[in-house]
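Chemist: Read top to bottom, the protein sequences are chains V and Y.
Under numbering that gives the first Met the number 0, read the first sequence as residues 0 to 340, first letter to last.
Under numbering that gives the first Met the number 0, read the second sequence as residues 0 to 487, first letter to last.
It should be emphasised that the hints constitute simulated quantities derived from the structure, not laboratory data.
A hint or two may mislead.
[Said to hold, decoys possible] Examples of chain V residues lying across from chain Y (beta carbon under 7 Å, computed): (1) THR17; (2) GLY19; (3) GLY23; (4) ILE24; (5) LEU28; (6) LEU34; (7) ILE67; (8) GLN167; (9) VAL248; (10) TRP250; (11) ASN255.
[Stated by the list, open to error] Chain Y regions said to be covered by chain V (calculated; three or more residues, Cβ under 8 Å): (12) 48-57; (13) 467-475.
[Said to hold, decoys possible] From chain Y, some residues computed to sit far from chain V (all C-beta separations above 10 Å): (14) PHE7; (15) LEU12; (16) SER21; (17) THR68; (18) THR78; (19) ARG184; (20) TRP187; (21) LEU195; (22) TRP231; (23) GLU307; (24) LEU319; (25) PHE350; (26) GLU413; (27) ILE461; (28) LEU463.
Predicted, not measured: the structure shown is a model, and the values here were computed from it.
All C-beta atoms in this analysis are idealised placements derived from N, C-alpha and C, irrespective of residue type, glycine included.
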Amino acid sequence: MPQAVLSCTSTSERAGATRGFFFGIGGSLLALLALYFGLIYLQLGVPTRASIWAYQINQKKLQRAASIQGPKLLLVGGSATLFGVQAEMIESRLSYPTVNFGTHAGLGIAYMLHLVRQAVRPGDTVVLAFEYNTFGQGVVRRDAVYVDYLFARDPAYFRALPWPSKFQVAMLMTVPRLRKGVRNRFRPESTRLAAGVYDPEKLNAYGDQLGNEAAKRTFQGDHRYVPEGTLTRRGLQETPAFELIEEFVRWTRANNIRVFATYPNIMEHPAYRTDAAQKTLRQIEGFYARLQVPMIGSFEESMMPPSMFFDTCYHMTREGAVVRTEQLIPHLAGILNREQK
Amino acid sequence: MVFSSWPFLLIFLPIALIGFVSIPARYRTARKLWLCAASVVFYAYWKIEYVPLLFFSIGLNYTIAELLTRSANPRRAKTILAFGVSANLLLLGYFKYTNFILEFFDMVVRREFTRLDILLPLAISFFTFTQISYLVDVYRDRNLHYGVLDYTLFVVFFPHLIAGPIVRHWEIIPQYAARELRPQRTDWGVGLALFLFGLYKKRLLADPVSAYANAVYGAANSGQLVSCFDAWLGTTAYALQIYFDFSGYSDMAIGLARMFGIRFPNNFDSPYRAASIIEFWQRWHITLTRFLREYLYYPLGGNRRGPERQAINILITMLLSGLWHGAGWNFILWGGLHGTYLLIAHEWRRFRTERGWEWSHWSYRGICIGVTFVAVLFAWVFFRAPNLTVAANVLSAMVGLQSAPELGRINYPEALQLIVPLLALAFCLPNVQRLLAQYEPVLENISAPTFLRLRLNVVTGIALGIGFFAVIRIHFYAPSSPFLYFNF
């Protein structure tokens, strides 16, 4: 059998680790962290072009909400709501002031609910239709638009975040974005909007996204698209998203605001009829039931054919949005006690 | 608690280390107890329910070893050993192979047996092998005797508990008895450097490249036909992922042990630079190869009974190696393929020796390295694919038997920008053990030219500090994934 091993400490006498080695590790790490956070601080609140579209969309919606004096209906969600519901149609058919409060889902549930809190008043009704993937997220989103938005457009929100979340958001900034922020501090770039699918210029007065007509459709997707992973994962983990919604519902109750929930429109896929997806759906339904938040409509009717989608499995064409809104109107009429025209 | 996770880095490791050095070195037993306790906490963090199983296994093996040492009768000793080895294999077999065996019976008798709801206890494959080797060694040398604390610490010591290296008692336990449980500054320095290099391999190299392997194999698993280019790209990405993942893990394990003053055997030696499959297995997962060679291949007869019997022994060893990695036909085929490669390599070696061909030109070695790597890549397909259908899909694409469009979801320039430098790293740069050769990072003597030696000075410290900052940053983009070998 081989002999016992060599002495470990024998090496110390011949070649040792210098103190400088340990100081080098600690010192360089601290120096880099200090430099990094210094640069983060330097460009906090400096506007960039990257998230201006999301900011303008949100501002228009907040202005529209603020302009309505009496009770109103807010349809809240990400871009599935922005592209998939026609607030104008609902207002005209139910004679009830309505705002399409859909925005970029990448901003996350925490930020979307932060915006809703600014827009609602006692007596209002809110319908939540969060995309399924937003349930899988924490307070902080791993999304370039989200990071840019917080630093460039809403530094007050960033400052109000708890320290761990602040650290997390700061660490999510990419080096090119950090460079751009610092450069804009000294030489601001143009704030001209880049043409894109999300276009604040093409929002109507009710907050509905226009410019998504079927004729301009770029998406040739069909049932072969990769189904929404959060939905097909056979149940969701308890993420902070659930807590955030629960806290929001408590806040609305304290402020005499009614809350309902519904299913976001999504492109139909066979995977959504499997047991795994059904389990996730039952979990979401159970969650809202526990909060005593009624759900309107059904998942089955929220699954729309591929031909009604514009560029992703959540973004509907204008024509698709009309069909989806037609489905929702009877349910909304019920909760608002309104007659349909 | 993965070595690369924040709970380990920020809570467990500092507490374990500070607690250890806070105990005066003269209280060696207290230091050992502390390490045992820390290791059990480390194991329990995964799943506390399996802690009793771990202790049952240790208790059983220690008792059997004690019986062996007291057994003067060779036949009785053999019976005790057979019982001990069988008990270990039964335990491993129950947890790891029951459902696989039921699946096999399903296939044979064409009826469906109910599967058992068995969760594989973490590390069972590793602590079972560690203890089998101990029993066999005690059988061979009945004078071997260690105290229960030394033996327990030998099995549960957290740096090797989950995924190796598969250490042997004579390498580790004597270190508890000597001065080695008194780590010095150099031990901390070498340990920290090894640990950080391993961490960087895992978080900065293996995890990012895994995205490309996952994209290709995920598409193949969803029934999509993959193209030839995608199949090669995905399989090369996987080869790099598993290399940097497992060698990173091994570096971390070796580094962690060194922080406590213990040195482990080497587990990796730039395996993709191997010029034959025989050499590959001398460089890849060295401690497993050593175990299989000494406790399976040699007892089967090794090469002592002629070429035919040697071929059978090699095939048996490699098939069981495949089965050890996972209960599935793809793992068995992976082992079988490597066994076949080994047979070919031995035949080729024999053929050359008989003719006196001693080619040592660099170009010949280069060709051999290339051929070996390609052979290993083909075998990795079985290792990575979740089932044989996916393996067939990818292999058909690799040999050009199917045409399919490229996957839209891969950014090819980005993929190549990562894969090509990683290949260069794996093939051209010296490994960490060689860089730190002057500090004797592992039990084996490792040589390296002076110009390649890395000194643990302020410059190295700064470089490692920058790397750690990169790890902190990447943590927020992509959460740490478990080490691949934790599955085995």
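Chemist: If a hint holds in the structure, say so; if it does not, say that too.
Modeler: Hints versus structure:
1. For V/THR17, the suggested interface contact is upheld, since its CB lies about 5 Å from the closest CB of chain Y, less than 7 Å.
2. For V/GLY19, the interface hint holds, since its Cβ comes within 7 Å of a Cβ in chain Y; the closest pair sits about 3 Å apart.
3. The interface hint given for V/GLY23 is met, as the beta carbon of that residue sits about 2 Å from the closest beta carbon of chain Y, less than 7 Å.
4. Interface restraint check for V/ILE24: the shortest CB-CB distance to chain Y comes to about 4 Å, inside 7 Å, so the restraint holds.
5. Annotation: V/LEU28 was flagged as interfacial toward chain Y, and the flag holds, the nearest CB pair being 4 Å apart, inside 7 Å.
6. Interface restraint check: V/LEU34 against chain Y, minimum CB-CB distance 10 Å, threshold 7 Å, status violated.
7. For the restraint placing V/ILE67 at the interface with chain Y, the shortest Cβ-Cβ distance is roughly 40 Å, beyond the 7 Å limit, so the hint is violated.
8. Annotation: interface hint on V/GLN167 holds; nearest CB of chain Y at approximately 6 Å, less than 7 Å.
9. For the restraint placing V/VAL248 at the interface with chain Y, the shortest Cβ-Cβ distance is roughly 29 Å, beyond the 7 Å limit, so the hint is violated.
10. This hint is violated: V/TRP250 has a C-beta 29 Å from the nearest C-beta of chain Y, more than the 7 Å allowed.
11. Restraint check, V/ASN255 versus chain Y: the minimum CB separation of about 39 Å is more than 7 Å; hint violated.
12. Against chain V, the stretch 48-57 of chain Y contributes 0 residues with a C-beta closer than 8 Å to a partner C-beta. That does not satisfy the three-residue criterion, and the hint is violated.
13. Residues of the stretch 467-475 of chain Y with a Cβ under 8 Å from some Cβ of chain V number 6, which satisfies the need for three, so the listed coverage holds.
14. The non-interface label for Y/PHE7 is consistent with chain V: the shortest C-beta to C-beta separation is roughly 18 Å, beyond 10 Å.
15. Every CB of chain V lies more than 10 Å from the CB of Y/LEU12, the least distance being 14 Å, so the non-interface label holds.
16. The claim that Y/SER21 is not at the interface with chain V holds, since no C-beta of that chain comes within 10 Å of its own (minimum 19 Å).
17. Remark: the non-interface label on Y/THR68 is consistent with the geometry, its nearest Cβ contact in chain V lying 15 Å away (cut-off 10 Å).
18. Residue placement check: Y/THR78 keeps its beta carbon more than 10 Å from all beta carbons of chain V (closest about 23 Å).
19. Against chain V, the non-interface label of Y/ARG184 is violated: not every CB pair exceeds 10 Å, the least being about 6 Å.
20. The Cβ of Y/TRP187 sits about 7 Å from the closest Cβ of chain V, inside the 10 Å cut-off, so the non-interface label is violated.
21. Not every CB of chain V lies more than 10 Å from the CB of Y/LEU195, the least distance being 8 Å, so the non-interface label is violated.
22. Every C-beta of chain V lies more than 10 Å from that of Y/TRP231, the closest at about 23 Å, which supports listing it as non-interface.
23. The Cβ of Y/GLU307 lies farther than 10 Å from every Cβ of chain V, with a closest approach of about 31 Å, so its non-interface assignment holds.
24. Against the 10 Å criterion, Y/LEU319 stays outside the reach of chain V, whose nearest CB is about 24 Å from its own CB.
25. Every CB of chain V is more than 10 Å from the CB of Y/PHE350 (nearest about 33 Å), matching its label as outside the interface.
26. Distance check on Y/GLU413: its Cβ is at least 14 Å (rounded) from any Cβ of chain V, clearing the 10 Å threshold; non-interface status holds.
27. A cut-off of 10 Å between C-beta atoms contradicts the statement that Y/ILE461 is not in contact with chain V; the least separation is 4 Å.
28. Listed as a non-interface residue, Y/LEU463 fails to keep its Cβ farther than 10 Å from every Cβ of chain V; the least gap is roughly 5 Å.
In terms of the numbered hints stated before, the structure departs from hints 6, 7, 9, 10, 11, 12, 19, 20, 21, 27, 28, listed from lowest to highest.
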